[in-house]
Amino acid sequence: MTEDGTTPATILDVDHVTKRFGGLTAIDDVSFSIRTGEIFALIGPNGAGKTTLFNTITGLYKPTAGMIRFRQRDITGLKPYKIADLGIARTFQQIRLFSYMSALDNVRIGEHPRMHAKLWDALFKTRYARREEARVTERANQLLDFVGIRPQAHNYARNLPYGSQRRLEIARALAGDPKLLLLDEPAAGANPQEKRELMELVERIRAQGITVLLIEHDMKVVMGISERIVVLDYGEKIAEGKPQEVRTDPRVIEAYLGKSA
Amino acid sequence: MSRPLPRNDRAMRWAMGTFKDRNRTIYTLLVIGVLLWPSIADVTTGGSGNHLVSTAADAGIYVLLAIGLNVVVGFAGLLDLGYAAFFAIGAYTYGLLASGQLSGSPLHHEFHLPFWVLILVAMFVAAAFGAILGAPTLRLRGDYLAIVTLGFGEIVPRVFRFLGAGSPIGNWTGGVNGISAIDSPHLPAFISGPWFGTSIQVVSPFDFSDSNWAPMDYYWLIILLVAICIVLVTNLYNSRLGRAWMAVREDEVAAAASGINTVAIKLLAFSIGASFAGFAGCYYGAKLSLVSSENFEFIVSVSILIMVVLGGMGNIPGVIVGALTIYIVQFFVLTNLPDYAVALSNLVGLGFLNQSSPGWVGLHDEVQRLNYIVFGLILVVVMLLRPQGLFPSRIREQELEKGTAEEAVFDVREATD
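Residue numbers (the working numbering), protein chains in the order written: chain A, 787 to 1047; chain B, 414 to 830.
For the record, the hints were derived by calculation from the structure and aren't laboratory data.
Mixed in with the good hints there might be a few duds.
Chain A stretches covered by chain B per the calculated footprint, using a threshold of three residues with CB under 8 Å from any CB of chain B [as the list claims (entries may be wrong)]: (1) 869–876; (2) 902–914; (3) 1025–1037.
Sample of chain B residues with no beta-carbon within 12 Å of chain A, all distances over it, derived [claimed, not checked]: (4) S452; (5) I545; (6) P549; (7) H599; (8) F603; (9) F619; (10) M659; (11) T738; (12) F744; (13) P751; (14) L760; (15) F765; (16) P771; (17) D778.
Quick reminder that beta carbons are idealized off the backbone N, C-alpha and C, glycines included.
Modelling step: build the complete structure from the supplied sequences, incorporating the hints.
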């Protein structure tokens, strides 16, 4: 829900987006819309173009064709930091933390765009800067608490166990107050127990009013949690709908489930 | 988890050499050294310590430069091989605007602006040039940036040399002769006293170059400037900007995805680094009363870089120690090395080495020729023994300690609080 009480139907519109690398078409004319407040999953076999699509949404790649709108605003081709600033946060499939910074500092980096201390404040450690720093630190601690790794706040990110690193990435992403959170295979490499815990965390994030776009390789993981699913295969959208619809879609079974069954 | 540190047991903490305490020890020793230096200089030279005090003030310039370059290289991780260019820009800014130099230029007007104004002007001019150079180049990856800065470092002194008598646009910079007879800093009034080696008296106006108190006043001035810079840079390091620099250094993509405008934040580091060089350049011009393009060659940039790397990239006290160490090696050990060699050879009965013969110019001159080989050797040995620098930032220390980082889960609270 927005401040004025009206809920825009969609928060993200991917509109006929194509991304080519030379002769390779990684994403081929894909369209879908994510509704505000839902958990939306993007699934597909390896190499289907899921991460490429993430990178295109977050501005790391410019789409070859098509348009991406965030809260009805065209964000196609904006710089990554600008897109992050508008309210799209993400995590990475290959964890990208600031290894030699503490977990707390990693989260505080996430708050950077929400901070306003200027060079002057930084140089002279003005009251404003000190207050902001205190506020941000407290919030960072709360976020670490929220994802469940508060006791590790003062460890270097690289020294955290794998599962905590995933959670730390999520905390960092949440620190920027996103409206939309993109999670790139958060449960990759996790055991079933950890997977359940992570999905429970995703639910709690959504409960905070944050829309979640989730990439997942393992279809079973997302079935229980996501309202709607888009299936990509070889860069094309082959199905879209509720989990049970997608599950029974013959093209999906052929492209995806067929393999693992 | 965190190692148990009894917070009240200070002696133990010092013995364990925790990070913050090590830095505090360095600062304490530096302050003691700074306070005692004029007396030490006087005692060791039998009352004529002025030269040593002046040398220490010159070393202070390099400390300033190293602190500034550390912002660029140590904090933001940008390799700048042309840092002396900004030093030159600061020095020439002061030289041009505080001397008779511009009366001979097409402006036909000389400026004698006060030092205290120009030190700020020099900072801003250098910062502006930093931004001008950085804006198009900071999109480049590290190695390319290094090449561009190298080129800039070569161009700037040449431009200053070229803009002398006979240049198509008139004599601005005095060309190869440089700018001489530069004004010294003045204060409307100041109290001189034992700290300047005089009795207590009010001096009005106070001229810094007056031999009654020079170079003591220059010494205390650079100490003051360095102290101010240490405080400001430490504040920066602990601010959101310092954090953003670290993030960009660690992982640019992740930093951008976290909402950091990476180009802007790198540009800021570059400009701030440059402004320190401008600051130092202004003081340099004022103290020496002469600026010449020869004093800003590539070797200066490299020396400053060595100070930062050898001292311990990213850690301010480490960088200061590095600057002092390299300064002492370059301007004291290496200069006196030929004399040491001669004395040593006489002592051990190899005095014949001092005679010149065909193919041998005598030990003194031979050693002088080998100066830079010795310098290089010292650097190689230090970097082999301590690849992370003398007093590295905690981060570098861990990065380079093979394996230990994986095993020991460190508590970095000390470094971040």
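How the hints compare with the structure:
Residue count for the region 869–876 of chain A with a Cβ under 8 Å from a Cβ of chain B: 4. That meets the three needed, and the coverage hint holds. Here the region 902–914 of chain A counts 7 residues with a CB under 8 Å from a CB of chain B, which clears the bar of 3, and the coverage holds. Given as covered by chain B, the region 1025–1037 of chain A fails the check, having 0 residues with a CB less than 8 Å from a CB of that chain where 3 are the minimum. B:S452, annotated as away from the interface, keeps every beta carbon of chain A farther than 12 Å; the closest lies near 34 Å.
Distance to chain A confirms B:I545 as a non-interface residue, since its nearest Cβ pair spans about 18 Å, more than 12 Å. The claim that B:P549 lies off the interface holds: its Cβ sits roughly 17 Å from the closest Cβ of chain A, which is beyond the 12 Å cut-off. At roughly 27 Å from the closest C-beta of chain A, the C-beta of B:H599 stays outside 12 Å, upholding its exclusion from the interface. For B:F603, the non-interface assignment is confirmed: its Cβ lies about 26 Å from the closest Cβ of chain A, beyond the 12 Å cut-off.
Against chain A, the non-interface label of B:F619 holds: every CB pair exceeds 12 Å, the least being about 28 Å. A cut-off of 12 Å between C-beta atoms contradicts the statement that B:M659 is not in contact with chain A; the least separation is 6 Å. Listed as outside the interface, B:T738 is consistent with that label: its C-beta sits roughly 25 Å from the nearest C-beta of chain A, beyond the 12 Å cut-off. Every beta carbon of chain A lies more than 12 Å from that of B:F744, the smallest distance being close to 31 Å; the non-interface claim holds.
Annotated as non-interface, B:P751 keeps its C-beta farther than 12 Å from every C-beta of chain A; the closest such distance is 44 Å. At the 12 Å boundary, the C-beta of B:L760 stays outside the reach of chain A, the nearest C-beta of that chain being 50 Å off. Every CB of chain A lies more than 12 Å from the CB of B:F765, the least distance being 57 Å, so the non-interface label holds. Distance check for B:P771 against chain A: the nearest CB is about 58 Å away, which clears 12 Å, and the non-interface claim stands.
The Cβ of B:D778 sits about 48 Å from the closest Cβ of chain A, beyond the 12 Å cut-off, so the non-interface label holds.
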